[in-house]
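**Q** Sequential numbering of the sequence shown, starting at 1, is according to full-length UniProt numbering.
Mixed in with the good hints, there may be bad ones.
The calculated lysine-lysine pairs, modelled on DSS-like cross-linking and capped at a C-alpha distance of 27 Å, are [as the list claims (entries may be wrong)]:
id, residue 1, residue 2
1, Lys798, Lys822
2, Lys403, Lys550
3, Lys787, Lys504
4, Lys705, Lys665
5, Lys767, Lys798
6, Lys487, Lys691
7, Lys422, Lys487
8, Lys691, Lys705
9, Lys422, Lys550
10, Lys79, Lys550
11, Lys403, Lys422
12, Lys422, Lys665
13, Lys767, Lys705
14, Lys730, Lys705
15, Lys822, Lys795
16, Lys665, Lys617
With beta-carbon atoms standing in for the labels, derived distance ranges [unchecked claim]:
id, residue 1, residue 2, range
17, Ser492, Pro589, 33 to 43 Å
18, Gln463, Thr688, 54 to 64 Å
19, Val807, Ala505, 19 to 29 Å
20, Thr688, Pro378, 26 to 36 Å
21, Thr413, Pro171, 25 to 35 Å
22, Asp231, Asp417, 50 to 60 Å
23, Asp610, Ser776, 38 to 48 Å
Simulated from the structure, these hints should not be mistaken for laboratory data. Note that beta-carbon positions come from the ideal geometry of N, C-alpha and C, so glycine has one too.
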Amino acid sequence: MKLTYYCPGLSGSVRLLFVIVFFCTLSIAKAQTSGITTFTWPKESRSQTQQELFTRSHTEVSLDIPLPGNPVQFSIQSKSFIKQADGTSDRSYQTFSGRNNQDHPVFGYFSGDQIYLSYFQNGEIITISPGKGPDHYTIGSSKDLEAMGAIQCAVNNTPDQGVRRGGSSVPCQTQSYSSLTYNLFVVCTGEWGQELGSISAARQAIMNNVNALNALYTGEMNISFNLVMDDDFIYTDPDSDPFDPAGFNRAEQARQFFVDSVNVSAFDIGHVLHYMDVPNGYISGSGVAYLPASCSAFYKGGGWTGTSSPGNTGFNLKIFGHEIGHQLGAHHTFYGSEGNCTAGQRSNGHGFEPGSGSSLMSYEGNCGSHNLDGPQSPFLYFNTHSVNQILNRINGQSGCGTKLGNSTILPVTLPADFSIPKNTPFDLIATSPNNALSYTWEQYDTDVMGADDVRCHPINAGQYTTTPLYRSYAPSAEGRHRSFPSKDVQMSGSIEKGEVYATKARDITMRLTTRSGGNIQCEEMTVTVRDDPAFKILSPVQDDMIALSKSATRAAQNLTVLWETGDTETNGFTHVDIYYSLDGGQTYPYLLAEEVPNDGEHEVRPPEIDTDMARLKIVLTDGAERMAIYNQNQGNFTVGFSVTPLEIEQFDGAVFGNHHRLSWKLNNTGIPIQTVNMEYSYDGIHFTPVKVDGYELLNSESQWKSAYESYFTEGIKTFYRLAVHNIQNKITYSRVVSLNNETESAEFLHVYPNPVSTADLHLTFQKHLRPDADLSVWSINGKPLQKIHIHGRSKSLKIPFTYPAGVYVLKVTNGQEVYRHKVIVQNN
1 MKLTYYCPGL SGSVRLLFVI VFFCTLSIAK AQTSGITTFT WPKESRSQTQ QELFTRSHTE
61 VSLDIPLPGN PVQFSIQSKS FIKQADGTSD RSYQTFSGRN NQDHPVFGYF SGDQIYLSYF
121 QNGEIITISP GKGPDHYTIG SSKDLEAMGA IQCAVNNTPD QGVRRGGSSV PCQTQSYSSL
181 TYNLFVVCTG EWGQELGSIS AARQAIMNNV NALNALYTGE MNISFNLVMD DDFIYTDPDS
241 DPFDPAGFNR AEQARQFFVD SVNVSAFDIG HVLHYMDVPN GYISGSGVAY LPASCSAFYK
301 GGGWTGTSSP GNTGFNLKIF GHEIGHQLGA HHTFYGSEGN CTAGQRSNGH GFEPGSGSSL
361 MSYEGNCGSH NLDGPQSPFL YFNTHSVNQI LNRINGQSGC GTKLGNSTIL PVTLPADFSI
421 PKNTPFDLIA TSPNNALSYT WEQYDTDVMG ADDVRCHPIN AGQYTTTPLY RSYAPSAEGR
481 HRSFPSKDVQ MSGSIEKGEV YATKARDITM RLTTRSGGNI QCEEMTVTVR DDPAFKILSP
541 VQDDMIALSK SATRAAQNLT VLWETGDTET NGFTHVDIYY SLDGGQTYPY LLAEEVPNDG
601 EHEVRPPEID TDMARLKIVL TDGAERMAIY NQNQGNFTVG FSVTPLEIEQ FDGAVFGNHH
661 RLSWKLNNTG IPIQTVNMEY SYDGIHFTPV KVDGYELLNS ESQWKSAYES YFTEGIKTFY
721 RLAVHNIQNK ITYSRVVSLN NETESAEFLH VYPNPVSTAD LHLTFQKHLR PDADLSVWSI
781 NGKPLQKIHI HGRSKSLKIP FTYPAGVYVL KVTNGQEVYR HKVIVQNN
């Protein structure tokens, strides 16, 4: 439903305001209790802390929490964050806040001699409250909840967002404060008060939920909330409160209540908390909020959170924190469109997370088949889009909230922009001299397209040029280094939702969000995907059996590695490193070749260890260890070392004029040979067999030597291997030999200028060409680029040659004669 309001403007005129309203429902089948424990906290310890802080007025004291097996210590100060409606501190409670030595925030209060608190660490909210006995305490965690059920939001689009490249993206914002405090006025429905049993119990439940909210927002962005309450608005009778929870327009009810009942200067954000009666023990929640609303005199009270478990602060925070995020200016961040993520819930232009997403402003687990693969994230954190939307609103406001100090600049260095071929994995690595930082690499691309179940399906993201490809992960110290897609996907060869390859030429905008103690900042760089073949290992591949020798007189000593360069050698990466794994790609401890030419072929010598779990990894880097482009085998191959005679002892090749000569030496191993094929290929991947004769001699003699004259020379390069089939249906392959097909003739074909930097290339021939002559242009790696039919009996020719910088091959077919000539293109 679109909500339209006409409000008095200057000189009695009216203005039309559009806002977004989100209606959210969250449910969960049951709560785990395995992560919730009780412990003993002696009164003497608590009282000593209380007296030192509030009676003796120490500026800072130590709060020691005796958690079983893992004691926690915070340095805390008195902080009056519970206020009355007139702005004065509520003296009924002794409130405090602080941090531990890792800068994790804690908020809490003493009620009598009992203590209530919540703290935030590594994306988790820990809540501690009194248990059944006087010294018994309960610890709960936001991670203790199993997978959540449905979230539903009806969203009303607004035209107030400016569109930059990538949907409604927001440039990286500067955190313009070291701490920011809002006045958050919270009231409750009669259902909330009735469920808690009294005004004081209802008030305390509100305080506990705001404790957790404070810990979360301070840990993420150094934003805290002064809780403002008025006992007149702590309702305990559903029949006499001013709210109708069954009504659809709960955000409007909340907004209108604050406009009618609360002094506009008493708060920056208003919110209603409501108890939902849900049968069968289910834990459910719902929320609704105007976006943006904070500090807007007309809309700032338009927030509502409902829950079936008022005391379950960890669960409630997933809704309460989400709705406050809307009021502070953050949209939904999921791109998916199925399940509860349909058109009415999607925020077109703000879907920067594939599928359901996983951050606090996403719909993780609620987008049906568009849910991300794997378990739901147990962590609470904001996506870079949410962070910068909130900071952008904060930076654009004045006179709202209380700002202190300036943010701390976090020293971090990103890789420079670079390009990759399509279908190619890459790594991004941030560096910093500060070891106390946490990081999140997130893709920051989206579009303004509407809901489309095919386009929005995260498994299809690689087929489009604007969709988000890569899911978000919670911040961590290890997050500075991330692989795209994940290493598991690369090793398995099967993509996952939120972890795919880019199959189209496009730009991928990557953002690094860096965090430390509530300081947060982002930087941005771009990975450009080119329309070139994937950087890929061609040989050896999965299930290959490689026979190497421990002796120079037996079989091959070296392993020939072939790869498709994907034109990386002309795009800044002229050399490669080749690594070797013996454990199926879990680790690559052996560097077989370092800084060797990126020309698609190199011989290496593996360690003399027999294995059926061998894999190779070929890596391109920037030399500063901030990025990598690479490919690794997606399956294992076998390498065996022997000093006994092998079936294939020798296989070599050489160029002879216009053809190739292949020669070999085979040994009799005692197992009869069924057939021998010489196999050729123009791409190193797809081989065509040609049967050779004479192998029968090997079944009676100890050795067979022979050769083959090959005229398979149509491409720029031809790859050969020998395949020996024995009667046990075992196939043994030789090493792969690659031979150039160049028959350049300076006498017949002359090319100028060469190198060329202009648009035209001039060709002259020793004699007139035949009427059916053809000219073709090839990449140096054997990829055909263009074919030109030459009309008439030409002896000279001018052709446009506007290729990118690099090395190319001209091929002239003149009847039975074939001539080739290399051409170098240089930038102007």
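**Q** Taking the hints in turn, state whether each one holds.
**A** Evaluated hints:
no.: 1; hint: Lys798 with Lys822; in the structure: 16 Å, holds
no.: 2; hint: Lys403 with Lys550; in the structure: 72 Å, violated
no.: 3; hint: Lys787 with Lys504; in the structure: 24 Å, holds
no.: 4; hint: Lys705 with Lys665; in the structure: 5 Å, holds
no.: 5; hint: Lys767 with Lys798; in the structure: 16 Å, holds
no.: 6; hint: Lys487 with Lys691; in the structure: 41 Å, violated
no.: 7; hint: Lys422 with Lys487; in the structure: 17 Å, holds
no.: 8; hint: Lys691 with Lys705; in the structure: 15 Å, holds
no.: 9; hint: Lys422 with Lys550; in the structure: 39 Å, violated
no.: 10; hint: Lys79 with Lys550; in the structure: 74 Å, violated
no.: 11; hint: Lys403 with Lys422; in the structure: 46 Å, violated
no.: 12; hint: Lys422 with Lys665; in the structure: 41 Å, violated
no.: 13; hint: Lys767 with Lys705; in the structure: 43 Å, violated
no.: 14; hint: Lys730 with Lys705; in the structure: 21 Å, holds
no.: 15; hint: Lys822 with Lys795; in the structure: 19 Å, holds
no.: 16; hint: Lys665 with Lys617; in the structure: 31 Å, violated
no.: 17; hint: Ser492 with Pro589: 33 to 43 Å; in the structure: 21 Å, violated
no.: 18; hint: Gln463 with Thr688: 54 to 64 Å; in the structure: 31 Å, violated
no.: 19; hint: Val807 with Ala505: 19 to 29 Å; in the structure: 22 Å, holds
no.: 20; hint: Thr688 with Pro378: 26 to 36 Å; in the structure: 53 Å, violated
no.: 21; hint: Thr413 with Pro171: 25 to 35 Å; in the structure: 19 Å, violated
no.: 22; hint: Asp231 with Asp417: 50 to 60 Å; in the structure: 58 Å, holds
no.: 23; hint: Asp610 with Ser776: 38 to 48 Å; in the structure: 45 Å, holds
Going down the numbered hints, you'll see the structure goes against 2, 6, 9, 10, 11, 12, 13, 16, 17, 18, 20, 21, while the others check out.
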